[in-house]
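Chain by chain, the residues run as shown.
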Amino acid sequence: KNEVEQSPQNLTAQEGEFITINCSYSVGISALHWLQQHPGGGIVSLFMLSSGKKKHGRLIATINIQEKHSSLHITASHPRDSAVYICAVRVNNDMRFGAGTRLTVKP
Amino acid sequence: DSGVTQTPKHLITATGQRVTLRCSPRSGDLSVYWYQQSLDQGLQFLIQYYNGEERAKGNILERFSAQQFPDLHSELNLSSLELGDSALYFCASSPRQITDTQYFGPGTRLTVL
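Those protein sequences? They're chains R and D, same order as listed.
The first sequence begins at 1 in our numbering and counts up by one.
The second sequence begins at 1 in our numbering and counts up by one.
Hints listed in this document are in silico derivations from the structure and should not be mistaken for laboratory results.
Treat the hints with caution; some may be incorrect.
Unchecked claim - Incomplete in silico selection of chain D near chain R, CB under 8 angstroms:
{"no.": "1", "residue": "Lys9"}
{"no.": "2", "residue": "Leu39"}
{"no.": "3", "residue": "Phe45"}
{"no.": "4", "residue": "Gly52"}
{"no.": "5", "residue": "Ala56"}
{"no.": "6", "residue": "Gly58"}
{"no.": "7", "residue": "Ile60"}
{"no.": "8", "residue": "Phe90"}
{"no.": "9", "residue": "Gln102"}
{"no.": "10", "residue": "Tyr103"}
{"no.": "11", "residue": "Phe104"}
{"no.": "12", "residue": "Pro106"}
{"no.": "13", "residue": "Thr111"}
Beta carbons are placed, not taken as given, at the ideal position from N, Cα and C, and that holds for glycine.
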């Protein structure tokens with residue numbers, strides 16, 4: 001079993017829908033990152049969380065340390081949100097990655 | 001544009017060869033990270049340097065080595081290349097530590113034939 005599990009693996013939504021991507025981990029962590037990988041391959045760091053909730057534009061990320069779970073929400077989704085979203089956790093000085101969630105938003 | 005540059009963009013080489021990938025961090029960033037992304041294993045953390053010193057080591061093979069120079073650019077050396085080393089290699093930088101937001105370069109696509 002992977003230490004970092006994401007669900008769903010693939011997600012197709014209609015423009016405007018509210019989207020949730022989940023990340024569960026089985027190890028003790030000091031921080032969790034959400035990354036976005038565009039179809040061309042480039043990676044952008046969206047959030048770094050160690051507790052609570054962060055919001056940036058239409059993106060919201062939450063983390064529950066006790067339950068070892070994080071969610072990434074996208075409100076009013078848009079076709080330009082189509083990408084692979086990757087959850088990564090910091091374990092001591094190492095980083096472990098989920099397999100990613102491929103999101104497709106249709107107009 | 002993240003401000004992190006990587007060269008070359010693409011590299012095609014043969015098994016057994018050695019290659020060097022180069023990364024220039026964002027201006028002012030002291031930490032550089034190297035990651036490998038392959039189709040079968042996804043993203044993996046390889047190594048982190050902070051201000052010229054190795055700070056953290058992940059899943060880096062003994063055939064791979066890295067260094068960070070006084071001007072803070074970094075190089076990842078891959079030797080005795082195998083077919084399975086074909087992957088995208090990303091460099092990222094951050095102001096200081098691994099918990100900082102990281103800024104990723106565009107990646108180097110390595111193909112080993």
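We went through each hint and held it up to the structure:
1. Lys9: violated, 10 angstroms
2. Leu39: Result: violated, 11 angstroms to nearest chain R Cβ.
3. Phe45: Status holds, d = 4 angstroms.
4. Gly52: violated, 17 angstroms
5. Ala56: holds, 3 angstroms
6. Gly58: holds, 5 angstroms
7. Ile60: violated, 11 angstroms
8. Phe90: Hint holds; phenylalanine 90 of chain D Cβ to chain R Cβ min 6 angstroms, cut 8 angstroms.
9. Gln102: With a minimum Cβ separation of about 5 angstroms from chain R (threshold 8 angstroms), the hint on glutamine 102 of chain D holds.
10. Tyr103: Interface hint status for tyrosine 103 of chain D: holds (7 angstroms vs cutoff 8 angstroms).
11. Phe104: holds, 4 angstroms
12. Pro106: holds, 6 angstroms
13. Thr111: violated, 14 angstroms
This entry does not satisfy hints 1, 2, 4, 7, 13, going by the numbered hints stated previously.
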